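Student: If you're matching them up, the sequences are chains A and B in order. Here the first sequence is numbered in the working numbering, starting from 1 and rising by one per residue. Here the second sequence is numbered in the working numbering, starting from 1001 and rising by one per residue.
Worth double-checking, as some hints may not be accurate.
Claimed, not checked - Rough simulated footprint, nothing fancy, chain B against chain A, three-plus residues with beta-carbon under 8 Å:
id : region
1  : 80 to 91
2  : 191 to 199
Unchecked claim - Not the full set, but computed from the structure, chain A residues with beta-carbon under 10 Å of chain B:
id : residue
3  : M1
4  : Y73
5  : A154
6  : Q155
7  : L323
8  : A340
9  : H341
10 : I395
11 : A399
12 : G415
13 : N417
14 : F419
15 : E504
16 : F507
17 : F508
Hint data in this document are derived by calculation from the structure and do not stem from the laboratory. Since this is a predicted model, take the numbers as computed values, not measurements. Beta carbons: idealized from backbone N, C-alpha and C, even for Gly.
These are the residues of each chain, in order.
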Amino acid sequence: MANLDYLEDLGFPGEFPFTRGVYPTMYRGRFWTMRQFSGFGTARDTNKRYHFLLDHGQTGLSVAFDMPTIMGYDSDHERSEGEVGRCGVAIDSLRDMEIHFDGIDLAKITTSMTINAPASILLAFYLCTGEGKGTGFDQMGGTIQNDILKEYIAQKSWIFPPEPSMRIITDILAFCSDHVPRWNTISISGYHIREAGSTAAQELAFTLADGFAYVEAGIAAGIDVDTFAPRLSFFFNAHLDFFEEIAKYRAARRIWAKRMRDMYGAKDPSSWLLRFHTQTAGCSLTAQQPENNIVRTAYQALSAVLGGTQSLHTNSMDETLALPSEKAVRIALRTQQLIAHETGVANTIDPLAGSYFIEAKTREMEEKAQEYFRKIEELGGVIKAIEKGFFQKEIGRAAYEYQKAVEERRKVIVGVNRFKLEGEKLEIPILKIDHQVELDQREAVRKLREERDNDKVARELERLKETAAGPDNLMPVILDCARCYCTEGEIIQVLKEVFGEYQEPPFF
Amino acid sequence: MGKKIRVLVAKPGLDGHDRGAKVVANALRDAGMEVVYTGLHQTPEMIAESAIQEDVDVIGLSILSGAHLTMFPRLVELLAERGADHIKIIGGGIIPDEDIARLEEMGVSRLFGPGTDTRDIIEFIRKSCADSVS
């Protein structure tokens, strides 16, 4: 390929600019982490599912929270009605977190938590759970998603306006750099951007642009880039276009490494590494002939592995219908195990390197991303672009285009617009969440409020309010709130009083 | 030509998955309907109020969070209380078949699952509004 310099543009695996992978041995040294995202019902229900997954050979945990937890409402809040434990686990306080990890050694397992606006609080609950088991903060490893920018852009689970949200994030970066060195503080996520309908190039560009914004915020807050950058990680989607996805991961590594070294002056080589988790594309799954989703997911997972992912979630075949059943999630996990142990693809590193198509596609993805970076810059940066609705409109337009392509059959979706079955009947089991979960959880919060030391709770919440209004790091006081069993909703309420709430102007 | 069909596309509850709602809103608008989109995180009370204020013929709810058995019945009830039960309610999202049957019995006109062609939604709305508007 013209103008392709091997050492400059690709490099050996584990060498700058890491196009071929972040480690010199990749899966020959160690497989990716098999991390299935899971959570439903009460903390007790989810704890049982975690033991099931660990018993079946899963190697890391990944927590899905319910919508009230994600939005900062306790289970007994009126806005939580009908949503408790439905699409994730309900966690209201440290007490729930303790039950959630009952019988699990937090020094031995790493945990990823998909939580954003209230990330500081759920991290505090987790750290205090470990503390209660005698595990030090420095022994615990894991990830909080903590990527608020993509919430404004795509996933739309925000609480506070951008400015105080970014302050909370830089507080977490600083606190973890000092006290929780094994924690991945932000999982900069393209997954949700893609699920909301973006193209692969948009996913790549918007995610990296968010990453740059966090690095710039950390530097602006006076934190040395090399103390926090090695703990930033990424989260990408694995969609249907096999080679395009592989090119996307390769381009992402190259762009990040160059930018970190050359623009942000990072000197520690681990600051240059773009390490990422991948989830197969939920939006590509079909309710029609759901068993076909096993096959879709397998190809997507293979693209993530050939693209050099550090950890992987494979979707279950029934996820367009409900939360996954045990059977479905076991097949999903087995899909990863098959790729790792049977196909032999893990014996080699970046085997597609040097293929004209892959290298050209990698460069094309990189160039498209650079073009978006310029546009975002012109708009005044990521937050200004969010306020102008730039990302939201770009994604909305791409989603509508995709839908039209499907309806006009320019894009074939097997079982949906071609190769359909007439009179199809659902033949797989569906997981149901009993309404009793909500009643039980409400009762549990009520009891907690009765039993704890409420004077102490009031004092800590007052201290939280003062700290939020001042310049000091919020994490120590949030940990103190957690330790005396303040609920998530109580902590968020105090922060809302100081920071206000974000509203998005509705448009489509 | 009578007046245009007016549709309120609404996202009740706490989840922010608005891809489907926006795709449907765009498709209905391109089909010549007047579309109002509520934005996210709406309560059934807010949706009923907007529907009445905007004098719509149809409300389309998008729910992917599993809260459908709470949200739809409440909206049906609220519209009835306020004498607005001429407004038809349709919806879409992740809703199991047996819940669809229950909700349709409770007064929801029609629920559309994943993989629905937007032309089917358009046709359904046109037919069900044929008596009142063109």
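Student: Run every hint past the structure and note whether it holds.
Tutor: Here is how each hint holds up against the structure:
no. : hint       : result
1   : 80 to 91   : holds (count 6)
2   : 191 to 199 : holds (count 3)
3   : M1         : 36 Å, violated
4   : Y73        : 7 Å, holds
5   : A154       : 8 Å, holds
6   : Q155       : 6 Å, holds
7   : L323       : 8 Å, holds
8   : A340       : 30 Å, violated
9   : H341       : 33 Å, violated
10  : I395       : 8 Å, holds
11  : A399       : 5 Å, holds
12  : G415       : 8 Å, holds
13  : N417       : 8 Å, holds
14  : F419       : 13 Å, violated
15  : E504       : 6 Å, holds
16  : F507       : 7 Å, holds
17  : F508       : 4 Å, holds
Violated hints, in rising order: 3, 8, 9, 14; the structure is consistent with all others.
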